[in-house]
Amino acid sequence: MDLKLDHHSKDGIEIVDVEGEIDVYTAPRLRELLIELVNSRYYQLVVNMEKVEFLDSTGLGVLVGGLKRVRAHDGSLDLVCTQERILKIFRITGLTKVFGIHDTVDEAIAARRSEK
Amino acid sequence: MDLKLDHHSKDGIEIVDVEGEIDVYTAPRLRELLIELVNSRYYQLVVNMEKVEFLDSTGLGVLVGGLKRVRAHDGSLDLVCTQERILKIFRITGLTKVFGIHDTVDEAIAARRSEK
Amino acid sequence: MATVELSFTPLPAHVRTARLVATAVARRSGVDESLLDEVRLAVGEACSRAVEEHQLHCPAEPVRLALSDMADRFEVEVTDNCAPDSAKVTGVGQESKSTGAGVAAMEPGLGFAVIAGLADNVEISETAAGTSIRMSWPSAGVVR
Amino acid sequence: MATVELSFTPLPAHVRTARLVATAVARRSGVDESLLDEVRLAVGEACSRAVEEHQLHCPAEPVRLALSDMADRFEVEVTDNCAPDSAKVTGVGQESKSTGAGVAAMEPGLGFAVIAGLADNVEISETAAGTSIRMSWPSAGVVR
Ligand SMILES: Nc1ncnc2c1ncn2[C@@H]1O[C@H](COP(=O)(O)OP(=O)(O)O)[C@@H](O)[C@H]1O
Ligand SMILES: Nc1ncnc2c1ncn2[C@@H]1O[C@H](COP(=O)(O)OP(=O)(O)O)[C@@H](O)[C@H]1O
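Chains as they are written, first to last, in this note's numbering: chain A, 1 to 116; chain B, 117 to 232; chain C, 233 to 376; chain D, 377 to 520.
Quick caveat, the hints were computed from the structure, so don't treat them as lab data.
Errors might be hidden in some of the hints.
[Stated by the list, open to error] Simulated restraints, written as ranges between beta carbons of each label pair:
no.	chain 1	residue 1	chain 2	residue 2	range
1	C	E265	A	L87	33 to 39 Å
2	A	H8	B	E166	43 to 49 Å
3	A	D11	D	A516	31 to 37 Å
4	B	I208	A	S9	42 to 48 Å
5	C	E358	A	G20	56 to 62 Å
The beta-carbon is built from N, C-alpha and C at its ideal position, and this holds for glycine as well.
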């Protein structure tokens with residue numbers, strides 16, 4: 001399955017819905033979208049990974065790159081993910097300590113708002 | 117998908133239900149079953165191909181081999197198949213003229229009984 | 233140059249791998265969905281034939297499958313690496329004596345009949361290295 | 377001897393073909409279903425890394441993937457054919473300058489972190505011909 005990307009605003013936070021495989025072949029498209037959002041001054045992002053079927057290190061790299069970009073503007077990039085096979089990849093690379101990872105989009109938004 | 121084989125008697129005719137892929141890898145199992153049935157004196161066979169997902173020339177060869185074996189005992193081997201992609205393979209190899217091909221198991225049985 | 237090449241020990245199980253790879257690469261190369269069934273079947277036939285030849289004549293040698301993205305065609309070449317033998321091409325699908333148990337189909341020529349009926353374009357050549365079956369289908373060109 | 381070998385031009389799309397083949401052959405070789413996700417991911421990482429190296433240093437050379445059925449292990453070897461370079465192994469997943477647009481991940485070492493975290497057994501060797509990553513998983517032995 002290829003990559004499907006969508007995004008919409010919710011409570012002032014931009015939600016990015018990702019579906020399919022984020023790998024060396026498709027990750028450049030996610031990277032472009034994140035750059036485009038930051039260029040359009042969206043600095044509070046939540047990437048919803050619930051429909052991601054495959055994630056490799058190129059995908060991880062793109063997410064880390066996005067995080068760096070929004071942080072340069074005092075922004076945030078949180079993740080929504082409950083799939084064990086995807087969480088495992090964040091765990092073995094130590095990235096669970098770098099990203100806020102939540103069970104639902106609403107929880108991610110709530111956590112972010114309470115921090116402000 | 118691998119090959120699944122089942123068989124049962126109906127109106128004195130042995131119905132062989134085939135499911136999955138009949139190819140160079142699995143066809144030997146179908147061949148063994150047909151030989152076993154003939155050795156057990158089942159000479160009137162109907163092979164139900166409605167759940168066959170893939171068929172190659174090795175599979176065709178096994179069916180032709182089965183037909184020859186039952187004919188040596190004045191028997192018959194009819195097929196049930198309505199799937200265009202499978203029918204096409206019988207057509208391009210000229211085997212639609214060799215096998216009786218029916219839309220349902222009941223039709224195959226009826227055609228066989230009316231011939232007797 | 234071939235885009236993807238697969239070589240495998242001559243075993244029926246690997247014919248399935250070959251079908252899987254050929255179909256995936258054909259799809260990626262822009263071959264129409266309606267033709268993928270034909271690609272899968274024709275590649276399977278050509279590889280089954282090569283596996284059979286190898287089992288008879290050179291079981292230690294791998295069978296080779298080459299997939300190439302041309303401008304507007306998707307080309308497949310299956311090569312066996314057994315020395316040529318005049319009976320070989322016509323012997324496709326024939327009951328093989330030495331493997332006995334069942335790699336081969338029972339009717340001579342069925343495999344080629346399938347290939348000829350499916351591939352848009354087929355070329356068979358005998359070289360010193362063995363037999364090559366080259367088939368191709370139209371494609372929407374390289375889509376990457 | 378490798379059971380199945382795949383060689384492909386260094387393009388990200390073919391990394392998908394490599395994953396597909398490795399997973400299918402691993403399954404057939406008796407690798408447990410619960411490990412297939414790891415095989416798919418680790419092979420993808422190793423191939424992504426090789427593709428990146430080739431794009432930088434030898435874009436005309438194919439990347440090679442060899443899959444072997446051992447008695448009770450399934451072994452995968454990914455070989456790039458670029459001359460060794462001391463910075464190479466640590467450079468996995470690093471943003472590559474020349475390919476720019478995005479084959480590479482952004483964090484150095486992520487690819488290897490994934491491989492190391494997933495493969496049951498990993499060996500990396502630098503030879504005159506290039507870098508080889510060899511990984512293996514337990515299997516139920518040859519099931520054919
Ligand atoms: N065109 C392709 N070429 C090679 N591998 C592919 C291709 N498309 C998908 N894959 C790989 O095959 C696996 C299954 O793909 P998927 O898209 O889910 O199913 P499908 O077989 O319908 O394409 C995935 O791991 C993916 O990386
Ligand atoms: N173990 C395997 N090795 C190589 N190819 C396989 C294997 N199993 C299935 N295939 C091929 O892959 C294609 C899809 O297989 P199928 O069994 O329907 O799905 P799955 O991907 O779940 O195994 C078929 O054309 C089949 O020939």
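For each hint, the structure was consulted:
no. : hint                        : verdict
1   : C:E265 to A:L87: 33 to 39 Å : 34 Å, holds
2   : A:H8 to B:E166: 43 to 49 Å  : 45 Å, holds
3   : A:D11 to D:A516: 31 to 37 Å : 51 Å, violated
4   : B:I208 to A:S9: 42 to 48 Å  : 56 Å, violated
5   : C:E358 to A:G20: 56 to 62 Å : 45 Å, violated
Hint compliance for this structure: hints 3, 4 and 5 are not met, and every other hint is.
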